[in-house]
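*Asks:* Those protein sequences? They're chains A and B, same order as listed. Just so we're aligned, residue 49 is where the first sequence starts under our numbering, counting upward by one. Just so we're aligned, residue 49 is where the second sequence starts under our numbering, counting upward by one.
These are calculated hints, taken from the structure and not from any lab test. Any given hint could be a false lead.
A partial selection of chain A residues facing chain B, derived with a Cβ cut-off under 7 Å [claimed, not checked]:
id, residue
1, Leu51
2, Ile110
3, Asn127
4, Pro138
5, Gly193
C-beta atoms are modelled at their ideal positions from N, C-alpha and C, and glycine is treated no differently.
Number of protein chains: 2
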Amino acid sequence: MQLPQLVQTQFLSVHDAANVIHKIGLKTVFTRLADYIRADYLRWHDFEKCARVANHSTDGVIELMPISDANSYAFKYVNGHPKNTINGLPCVMAFGVLADVATGIPEFLSELTLSTALRTAAMSAVAAQELARPDSKTMALIGNGAQSEFQALAFHYLLGIEEIRLFDTDPKATEKLIANLQSTALRLKVCSSIAEAVRGANIATTVTADKTNAAILTADLIEPGMHINGVGGDCPGKTELHPDVLRRSAVFVEYEPQTRIEGDLQHLPADFAVTEFWQVLARQAPGRRDADQITLFDSVGFALQDYSALRFMRDAARELGLGQLVSLIPELVNPKDLFVLIHPDTHVNQEPHRDEASQPAVAPLLADTLPVPA
Amino acid sequence: MQLPQLVQTQFLSVHDAANVIHKIGLKTVFTRLADYIRADYLRWHDFEKCARVANHSTDGVIELMPISDANSYAFKYVNGHPKNTINGLPCVMAFGVLADVATGIPEFLSELTLSTALRTAAMSAVAAQELARPDSKTMALIGNGAQSEFQALAFHYLLGIEEIRLFDTDPKATEKLIANLQSTALRLKVCSSIAEAVRGANIATTVTADKTNAAILTADLIEPGMHINGVGGDCPGKTELHPDVLRRSAVFVEYEPQTRIEGDLQHLPADFAVTEFWQVLARQAPGRRDADQITLFDSVGFALQDYSALRFMRDAARELGLGQLVSLIPELVNPKDLFVLIHPDTHVNQEPHRDEASQPAVAPLLADTLPVPA
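Given these sequences and hints, build the entire structure.
*Replies:* Structure follows, in structure tokens:
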């Protein structure tokens with residue numbers, strides 16, 4: 049009997065992803081994820097890159113973010129709907145796939161809402177390791193929503209930040225952050241204004257959600273030596289920094305063509321000079337020049353970080369035996385015979401004979417749980 | 049106790065999709081799918097459209113095809129790897145998602161390999177209903193691979209085609225088609241050359257897989273009144289028709305900007321006149337003018353057809369109670385509190401309390417089958 053080629057996709061649900069993080073521990077997750085991100089950024093020229101593809105609507109945006117090298121293809125689906133919280137929904141939700149470039153098989157399908165929060169914070173910290181003053185101990189955190197705890201802890205674990213100065217227009221968001229982080233070693237200071245939070249801070253992180261051209265940070269708030277980690281300005285019409293803040297700073301970006309469209313950079317002329325961050329990591333461009341320079345990472349989120357996050361989550365899930373196999377792609381005895389799947393004589397849910405030894409150590413195939421039709 | 053907002057994604061596996069088709073019957077599937085396609089094409093201006101985003105590699109391509117209207121967003125992931133069959137894998141594999149534009153929630157995740165074969169054939173038949181001679185009874189089918197049976201049956205059921213003239217360079221492919229369709233009312237004639245298959249046929253369908261600029265059909269083979277359904281030429285460097293075939297024909301396309309890049313049209317000058325097919329359906333442009341005109345549908349596959357296919361499969365699966373809920377997106381009590389999912393004090397796999405009455409009639413939530421960690 050001829051056996052079909054096995055084409056299974058490993059599926060990592062939200063619960064699986066949370067389980068991966070619980071089992072590995074958040075500090076190790078950030079450390080390993082930062083290693084994946086740095087390794088991938090150092091292979092910058094290996095990747096086929098493009099700005100993400102966005103479909104805009106009145107209240108939000110849905111984007112696809114593909115990227116590939118010679119071996120792997122990754123894409124992320126992600127939305128941005130700032131008003132979602134009114135209906136009890138996250139503003140940002142995501143999932144994605146890692147596929148084999150040689151065959152096109154989608155090998156790994158994962159939730160990416162949690163993973164996006166992790167990789168965004170890890171990317172911010174990786175950038176700050178190169179751009180912030182090495183003696184940085186305090187960070188202002190403007191915006192205490194869904195992404196804020198991840199930023200606070202990534203900077204705590206990867207840069208040694210000891211004190212976070214909190215501000216949000218919604219006091220309940222700040223209370224939530226404090227409740228979530230009270231058992232950590234971080235000192236958390238609630239501030240009554242952005243100015244109070246930023247004053248004297250070594251790093252200023254902005255991570256607000258409103259879809260508007262805001263000026264969360266203005267030039268008068270910026271002090272010599274400060275590093276600005278601008279995370280929330282990531283969409284046309286959604287910015288956080290007054291253009292003068294960028295003019296006073298050395299500006300670093302993930303992928304210039306995308307940031308010119310989506311970043312706080314959108315308000316500056318096309319010839320305003322910026323540095324792609326991979327050049328700093330590769331020692332092809334300087335990072336921070338001196339202790340007084342103002343540095344700014346105008347982060348919008350680039351597909352390469354999701355490529356890194358997908359690789360990390362896949363590897364970690366494999367190590368831990370988490371995840372499930374799903375039947376996303378047909379398994380065929382004869383690859384030119386797709387019709388057999390729906391031929392009237394075909395018994396629909398016949399499970400292909402499986403060689404158990406060839407199966408990865410994951411939970412049972414989802415299809416096994418399906419009822420067999422009469 | 050505050051309850052989290054339920055955010056479930058309905059997942060339709062390959063087995064579920066095959067089951068949908070078995071239960072509804074292929075003739076009704078084609079009829080209903082054609083209705084969905086026509087309805088969506090008649091709303092052409094409601095859609096935000098773009099050419100698909102392709103990542104090319106040595107042996108293939110991986111593409112993302114997004115499209116949206118004010119209510120729904122759809123995208124398809126699809127590969128094209130002609131050499132896959134050597135390793136027992138399909139050349140084309142696909143999956144996709146239908147999402148809610150208002151919130152960004154990915155509501156329906158489905159296999160699309162089977163569905164792509166169905167929608168491609170349904171689209172070909174919908175076009176031929178407008179473009180082929182109404183008295184068409186015979187079709188040449190050049191290329192007898194994975195898509196061929198679907199083409200044969202869509203034309204049988206939707207146009208009344210009675211005889212199919214078969215040619216493939218691989219005789220085993222033709223044998224497979226005959227075995228699959230022997231119990232239908234179609235007359236199947238094996239031909240020893242393309243010329244023999246095409247001679248006297250009312251419709252010539254080309255659906256070959258090689259990634260090369262081929263000339264499967266040349267102008268000398270084309271007879272007055274013929275309709276050419278060019279399906280396999282769908283990628284830069286992958287064409288089937290000699291440019292003179294297009295020059296002799298009235299050429300119809302799905303979405304002109306994409307077909308100029310990907311279709312057989314890629315070999316013709318940018319000002320070569322074509323008609324977008326929606327105009328014919330909307331009676332804004334003529335279809336076939338007279339019985340002797342040669343018409344050509346230069347099909348490459350457009351995102352709108354996948355939007356239609358996803359809608360149809362979602363609706364059909366709902367009617368039949370097929371599919372499963374998967375946890376692709378976090379369910380949160382406080383949408384600004386994503387961190388709670390990985391907080392050390394959070395019990396990872398605690399299932400949110402569910403109101404059974406609010407659940408659609410599908411199989412159990414996949415997450416329910418997960419082992420609870422110790």
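*Asks:* Next, verify each hint and record whether it holds.
*Replies:* Against the structure, the hints come out as follows:
At about 9 Å, the closest approach between the beta carbon of Leu51 (chain A) and any beta carbon in chain B exceeds 7 Å, and the interface hint on this residue is violated. With its C-beta approaching chain B no nearer than about 5 Å, Ile110 (chain A) sits inside the 7 Å limit, and its interface hint holds. Taking 7 Å as the C-beta cut-off, the interface hint given for Asn127 (chain A) holds, the closest approach to chain B being about 3 Å. The beta carbon of Pro138 (chain A) comes within 5 Å of a beta carbon in chain B, closer than 7 Å, and the hint placing it at the interface holds.
Here the hint on Gly193 (chain A) is kept, as its CB sits about 5 Å from the closest CB of chain B, short of 7 Å.
The structure does not agree with numbered hint 1 stated previously, though it agrees with all others.
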